Amino acid sequence: MTIHQSLAADSGSEKTVEQSVYFYQAPVRLWHWGNAFSILTLALTGYFIGSPLPSVSGEASANYLMGDIRFIHFAVAQILSVLLILRLYWVFVGNVHARQIFYVPMRGRFWKECLHEVRWYMFMARQPKRHVGHKPLARLTMFFMFTLPLLFMVITGFALYSEGAGRDSWEYALFGWVFSIWPNSQEIHTLHHLGMWVILVFVIVHIYVAVREDIISRQSIVSSMISGERLFNDVED
Amino acid sequence: MATAETFYDVIRRQGITRRSFTKFCSLTAASLGFGPGTATAIAEALETKERVPVIWMHGLECTCCSESFIRSAHPLVKDVVLSMISLDYDDMIMAAAGHQAEAILEETKARYKGKYILAVEGNAPLNENGMFCIDGGRPFVEKLKWMAEDARAVIAWGTCASWGCVQAAQPNPTQATPIDKVIRGMPIIKVPGCPPIAEVMTGVVTFITTFDKLPELDRQGRPKMFYSQRIHDKCYRRPHFDAGQFVDEWDDEGARKGYCLYKTGCKGPTTYNACSTVRWNEGVSFPIQSGHGCIGCSEKGFWDQGSFYDRLTNLHQFGIEANADKIGLTAAGVVGGAIAAHAAVTVVKRVTTKREADG
Amino acid sequence: MKIETPNGFTLDNSGKRIVVDPVTRIEGHMRIEVNVDENNIIRNAVSTGTMWRGIEVILKNRDPRDAWAFTERICGVCTGTHALTSVRAVENALGITIPENANSIRNLMQLALQVHDHVVHFYHLHALDWVDVLSSLSADPKATSALAQSVSDWPLSSPGYFKDIQTRLKKFVESGQPGPFKNGYWGNVSYKLPPEANLMALAHYLEALDFQKEIVKIHAIFGGKNPHPNWLVGGVPCPINIDGTGGVGAINMERLNVVTSVIDQLIEFNDKVYVPDIMAIGSFYKDWLYGGGLSGKNVLAYGDVPEHANDYSDASLKLPRGAIINGNLAEVHPVDHADPEEIQEFVTHSWYKYPDESEGLHPWDGVTEPHYELGPNARGTKTNIEQLDEATKYSWIKAPRWRGHAMEVGPLARWVIGYAQNEAAFKDPVDKVLKDLGLPVSALFSTLGRTAARALESSWAGHQMRYFQNKLIANIRAGDSSTAHVDKWKPETWPKKVRGVGFTEAPRGALAHWIKIRDGRIENYQCVVPTTWNASPRDPAGNIGAFEASLMDTPMSDPAQPLEILRIIHSFDPCLACSTHVMSPDGQEMTSIQVR
Numbered sequence: 001m002t003i004h005q006s007l008a009a010d011s012g013s014e015k016t017v018e019q020s021v022y023f024y025q026a027p028v029r030l031w032h033w034g035n036a037f038s039i040l041t042l043a044l045t046g047y048f049i050g051s052p053l054p055s056v057s058g059e060a061s062a063n064y065l066m067g068d069i070r071f072i073h074f075a076v077a078q079i080l081s082v083l084l085i086l087r088l089y090w091v092f093v094g095n096v097h098a099r100q101i102f103y104v105p106m107r108g109r110f111w112k113e114c115l116h117e118v119r120w121y122m123f124m125a126r127q128p129k130r131h132v133g134h135k136p137l138a139r140l141t142m143f144f145m146f147t148l149p150l151l152f153m154v155i156t157g158f159a160l161y162s163e164g165a166g167r168d169s170w171e172y173a174l175f176g177w178v179f180s181i182w183p184n185s186q187e188i189h190t191l192h193h194l195g196m197w198v199i200l201v202f203v204i205v206h207i208y209v210a211v212r213e214d215i216i217s218r219q220s221i222v223s224s225m226i227s228g229e230r231l232f233n234d235v236e237d
Numbered sequence: 001m002a003t004a005e006t007f008y009d010v011i012r013r014q015g016i017t018r019r020s021f022t023k024f025c026s027l028t029a030a031s032l033g034f035g036p037g038t039a040t041a042i043a044e045a046l047e048t049k050e051r052v053p054v055i056w057m058h059g060l061e062c063t064c065c066s067e068s069f070i071r072s073a074h075p076l077v078k079d080v081v082l083s084m085i086s087l088d089y090d091d092m093i094m095a096a097a098g099h100q101a102e103a104i105l106e107e108t109k110a111r112y113k114g115k116y117i118l119a120v121e122g123n124a125p126l127n128e129n130g131m132f133c134i135d136g137g138r139p140f141v142e143k144l145k146w147m148a149e150d151a152r153a154v155i156a157w158g159t160c161a162s163w164g165c166v167q168a169a170q171p172n173p174t175q176a177t178p179i180d181k182v183i184r185g186m187p188i189i190k191v192p193g194c195p196p197i198a199e200v201m202t203g204v205v206t207f208i209t210t211f212d213k214l215p216e217l218d219r220q221g222r223p224k225m226f227y228s229q230r231i232h233d234k235c236y237r238r239p240h241f242d243a244g245q246f247v248d249e250w251d252d253e254g255a256r257k258g259y260c261l262y263k264t265g266c267k268g269p270t271t272y273n274a275c276s277t278v279r280w281n282e283g284v285s286f287p288i289q290s291g292h293g294c295i296g297c298s299e300k301g302f303w304d305q306g307s308f309y310d311r312l313t314n315l316h317q318f319g320i321e322a323n324a325d326k327i328g329l330t331a332a333g334v335v336g337g338a339i340a341a342h343a344a345v346t347v348v349k350r351v352t353t354k355r356e357a358d359g
Numbered sequence: 001m002k003i004e005t006p007n008g009f010t011l012d013n014s015g016k017r018i019v020v021d022p023v024t025r026i027e028g029h030m031r032i033e034v035n036v037d038e039n040n041i042i043r044n045a046v047s048t049g050t051m052w053r054g055i056e057v058i059l060k061n062r063d064p065r066d067a068w069a070f071t072e073r074i075c076g077v078c079t080g081t082h083a084l085t086s087v088r089a090v091e092n093a094l095g096i097t098i099p100e101n102a103n104s105i106r107n108l109m110q111l112a113l114q115v116h117d118h119v120v121h122f123y124h125l126h127a128l129d130w131v132d133v134l135s136s137l138s139a140d141p142k143a144t145s146a147l148a149q150s151v152s153d154w155p156l157s158s159p160g161y162f163k164d165i166q167t168r169l170k171k172f173v174e175s176g177q178p179g180p181f182k183n184g185y186w187g188n189v190s191y192k193l194p195p196e197a198n199l200m201a202l203a204h205y206l207e208a209l210d211f212q213k214e215i216v217k218i219h220a221i222f223g224g225k226n227p228h229p230n231w232l233v234g235g236v237p238c239p240i241n242i243d244g245t246g247g248v249g250a251i252n253m254e255r256l257n258v259v260t261s262v263i264d265q266l267i268e269f270n271d272k273v274y275v276p277d278i279m280a281i282g283s284f285y286k287d288w289l290y291g292g293g294l295s296g297k298n299v300l301a302y303g304d305v306p307e308h309a310n311d312y313s314d315a316s317l318k319l320p321r322g323a324i325i326n327g328n329l330a331e332v333h334p335v336d337h338a339d340p341e342e343i344q345e346f347v348t349h350s351w352y353k354y355p356d357e358s359e360g361l362h363p364w365d366g367v368t369e370p371h372y373e374l375g376p377n378a379r380g381t382k383t384n385i386e387q388l389d390e391a392t393k394y395s396w397i398k399a400p401r402w403r404g405h406a407m408e409v410g411p412l413a414r415w416v417i418g419y420a421q422n423e424a425a426f427k428d429p430v431d432k433v434l435k436d437l438g439l440p441v442s443a444l445f446s447t448l449g450r451t452a453a454r455a456l457e458s459s460w461a462g463h464q465m466r467y468f469q470n471k472l473i474a475n476i477r478a479g480d481s482s483t484a485h486v487d488k489w490k491p492e493t494w495p496k497k498v499r500g501v502g503f504t505e506a507p508r509g510a511l512a513h514w515i516k517i518r519d520g521r522i523e524n525y526q527c528v529v530p531t532t533w534n535a536s537p538r539d540p541a542g543n544i545g546a547f548e549a550s551l552m553d554t555p556m557s558d559p560a561q562p563l564e565i566l567r568i569i570h571s572f573d574p575c576l577a578c579s580t581h582v583m584s585p586d587g588q589e590m591t592s593i594q595v596r
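Chains as they are written, first to last, in this note's numbering: chain A, 1 to 237; chain B, 1 to 359; chain C, 1 to 596.
There could be a bad hint or two in this list.
Using 27 Å as the maximum straight-line C-alpha spacing, the simulated DSSO-like pairs for lysine-lysine come out as follows [what the hints assert, rightly or not]:
hint, chain 1, residue 1, chain 2, residue 2
1, C, K516, C, K496
2, C, K488, B, K326
3, C, K496, B, K326
4, C, K488, C, K516
5, B, K263, C, K490
6, A, K112, B, K349
7, B, K145, C, K382
8, B, K78, C, K272
9, C, K192, B, K78
10, C, K272, C, K163
11, C, K170, B, K115
12, C, K435, C, K192
13, C, K432, C, K318
14, B, K263, C, K488
Stretch by stretch, here's where chain B covers chain A in the computed footprint (C-beta under 8 Å, at least three residues) [to be verified]:
hint, region
15, 162-174
16, 206-218
Among the chain B residues that face chain C by a calculated CB cut under 7 Å, a handful are [as the list claims (entries may be wrong)]:
hint, residue
17, S86
18, D91
19, A96
20, A101
21, A169
22, N281
Because the hints were derived from the structure by calculation, they are not lab data. Keep in mind that this is a model prediction, so the values were computed, not measured. Note that beta-carbon positions come from the ideal geometry of N, C-alpha and C, so glycine has one too.
For reference, chain A alone in the conformation it holds in the complex:
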């Protein structure tokens, strides 16, 4: 099985000079790039929903700028949600890497590795540990700064959408409970807005670390998300 092989590759890679392991399955990669596109679009359109562009001239009936921006936001949000559902399905049927960012293991080893990674980023450790799939710290960050916020955004997003869709809509039936937590939806708007910034900050860190790791730690990161394979090309001392 691929999973066992990749795990084996992980533990027994001491002497490897160049080795490639296939671990990001196609749905995971598709999700990643689908997300990248959606989140960028959603952040941009969302920003302009919160702070609209200067007024357009002409009769109202001849213009639909805000409507279009909102339409794009909603349409892409639907795409993002469908992708998320598919991805959640893949958590159960995909390989071990497919479920990595959906929970945080409570094992001691995981936290030890996190610590090592922190030391590595603090320039205190000379060599990073190699991992197939996500590194522990990345996994932790992704879980708290991406997976959970993403879920939050989808839930609050549908709740806010249900305001326009109406009390009889399926959106309200499924997500109306959000209004029991925050009866004044202005608060949900604010939290949804803050959620965007959490994800954007994550994106910045994510891109930096990915590029940096690609260069420094001699493990392919960026290309892995395209090919699905991780290339280890480091020379062991």
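Chains B and C: place on chain A using the hints.
Same frame as chain A, but now just chains B and C:
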């Protein structure tokens, strides 16, 4: 001996014929999904029923709900009070005072146990043992609980009774508490707004007296018929919102053309009320029509959502004050700076390590 | 025990104590206790504000441009007047000016409130103190019609009309469910109107109830709704677009026509119903001239209704400004809100603490700390008051004083000052009323005088509305459509630390807000409102407030029925939510009761 003027008497007096009345009853029955037999029952109820006793109490409030109530144009509040309900206690308009007023409460509680409607305007402060609002020498909250015990239902008038309103805005020095946190085990109909629209208020009351049931409530305890859509959903300036045409500054070109007030902080998109449909003061206008954004006065905690003129809520957490964009940009800036620094250190480290290795 | 107060009253609390709580037909919560002697004459009076909301502490650290909405919610009866005072205070602090149109629109709104409030106050909060509902049922509709036609040419005056009203009232009262009329003091000998006058007044009670909702449509036009219309720092929120694209969504001809039509109606109602009713009722009560209290001694007004935008000088203000003390009408003193020696608040008899309670504090430096306690001679417990001890703290209302004097404010105060200043707009109508009723000037200082001044003011306000409506139209015709100045809208344009004061004449009297702004936020906010002046408890010197003074020496026909007390207190149009909102320390621990 004259008898109580019933709903039937009122509409007859207003020139509605017996025939129209019967028709009204069968239509009502049909719209409620009942058969023709029910129409007769409704007709009989409206012709003979004793008016529903209403006890209207005032806690911490500003009386804007009562003022709004008397603005009702259809029905006229005169007809509501004289013919549709029996407003036995309302310290705002009742003739009696002191002991004579208190006696009415006792009497109603005993005589109409489980039958009277308790309408509450304002809320109860709990600090200082409740003595920030004294009524008859005692804390208002006690009187409220006592009268609620035997009511058929409770109406929470306005945002004070429903959510707490201005005296409950931070830091809520009197611990003003919405009535549903004080009264338990009793159906409570929230009719929020500061104040609620007059015709919404009389609409809720006459719904109860006409259909002899309580209105369907939403998740927040508000009548669905008036509070299930946002101001924004039915705002006549909505096309300007969709078009992307906004008022940027007071009295600018956009303001004079009646563009959308979203950028000047209108809370219509997050406010559930009937203002943009029923409108105010016999349909003359509503806030947006008169050039000022909605301040969200029927929403919970609308006082604490930042300035009424900001689109994005100002947040006061952690001793700083900024909106979501400022916080986000600051966070992104800090993270970006840290990344730049980290990248620089990485490069320096690499170069020195390489030199060491080379040397 | 007998006490002579510095302001000339003799208090004697030895007689029987009568407690009225709640006082109804007022805004908010209040309690009155009096002592009557063996002849049932009131010899001691105690007025207590029984609610506290803490609006001013809530205002701290907020955006000054939002303050109007918070302060507006101090009172829903005089809705808008606090908001106007607030935007004026903020504009005064930040040096913001408003366009001429905004001034006219604000005056129209303020005057509409004046008329609305006076009409509702008289007919729905006050009339039942003069008018006996039961007696009206025995009136002869024909005689009622004759009476009505003799006092006014108001068209609703046929015998059939009064017959219908009487039948309806009869049915209502005899139904066993008399609603608000239940347990009234009907038949009390203090009711002096003949049945026909009672019936006419009740017909107008119902007409006024129908009509009052029309008056406030002016608020709806300019402010979007009523109660609680919207206001704006720097002008008014409603733009004017009289004949351009999109004018239908702004103040346009149709909107102005609504305003004109309402003004026409309210002038007619004032002049054909309200004022004649007061004259008719007054003619039956002209021997009952109790309740003068402070009105003949100390009265205060701040002035309002500026002719010119941004000009709050005496010359510009159409309602008079000034203070009269010790009954000397020959001298009207100037009033300065910024002078720390003039307006001060005391708390010796209020449920608040000062570091030194013998001193008063100017509102800009106002500190307040709630301190609820009952005096040693009080009866009952802290949560079940049977009787208050007025020798100690006994009210949630502070005691404001002008140069140490307890003052009366309100329509009567304004009209007395206008009269003293020999302003024809005030003097002529007053002289006419006095002449028609055959009463001397001294009769002005009474419950009836207060009620009559309010009616005259309502009429005056109606005509002023027509004036400002015409002025607004003339200004638009001259090419000025501006309604707001936005150059200082953004907090970045504001000075770092400023303070200001805004004042108005609320329907109930002189109202002012003092604000301190620091770094774009409210640092301190204080309101001293009309009912704080009128309902004030005693001060360190022992002066009694206007409510207490007015009750003194009034005979009660039946001590079990507080009719005379209600009549006198109502004549002030008390607004308790207004008067009892002063601030508390932040985060003070207070005992609280358990929620079940």
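Status of each hint after checking the structure:
{"no.": "1", "hint": "C:K516 <-> C:K496", "result": "holds, 11 Å"}
{"no.": "2", "hint": "C:K488 <-> B:K326", "result": "holds, 22 Å"}
{"no.": "3", "hint": "C:K496 <-> B:K326", "result": "holds, 22 Å"}
{"no.": "4", "hint": "C:K488 <-> C:K516", "result": "holds, 17 Å"}
{"no.": "5", "hint": "B:K263 <-> C:K490", "result": "holds, 14 Å"}
{"no.": "6", "hint": "A:K112 <-> B:K349", "result": "holds, 24 Å"}
{"no.": "7", "hint": "B:K145 <-> C:K382", "result": "holds, 19 Å"}
{"no.": "8", "hint": "B:K78 <-> C:K272", "result": "holds, 21 Å"}
{"no.": "9", "hint": "C:K192 <-> B:K78", "result": "holds, 26 Å"}
{"no.": "10", "hint": "C:K272 <-> C:K163", "result": "holds, 21 Å"}
{"no.": "11", "hint": "C:K170 <-> B:K115", "result": "holds, 25 Å"}
{"no.": "12", "hint": "C:K435 <-> C:K192", "result": "holds, 21 Å"}
{"no.": "13", "hint": "C:K432 <-> C:K318", "result": "holds, 21 Å"}
{"no.": "14", "hint": "B:K263 <-> C:K488", "result": "holds, 18 Å"}
{"no.": "15", "hint": "162-174", "result": "holds (count 4)"}
{"no.": "16", "hint": "206-218", "result": "holds (count 3)"}
{"no.": "17", "hint": "S86", "result": "holds, 4 Å"}
{"no.": "18", "hint": "D91", "result": "holds, 4 Å"}
{"no.": "19", "hint": "A96", "result": "holds, 4 Å"}
{"no.": "20", "hint": "A101", "result": "holds, 6 Å"}
{"no.": "21", "hint": "A169", "result": "holds, 5 Å"}
{"no.": "22", "hint": "N281", "result": "holds, 4 Å"}
No hint from the list above goes unmet by this structure.
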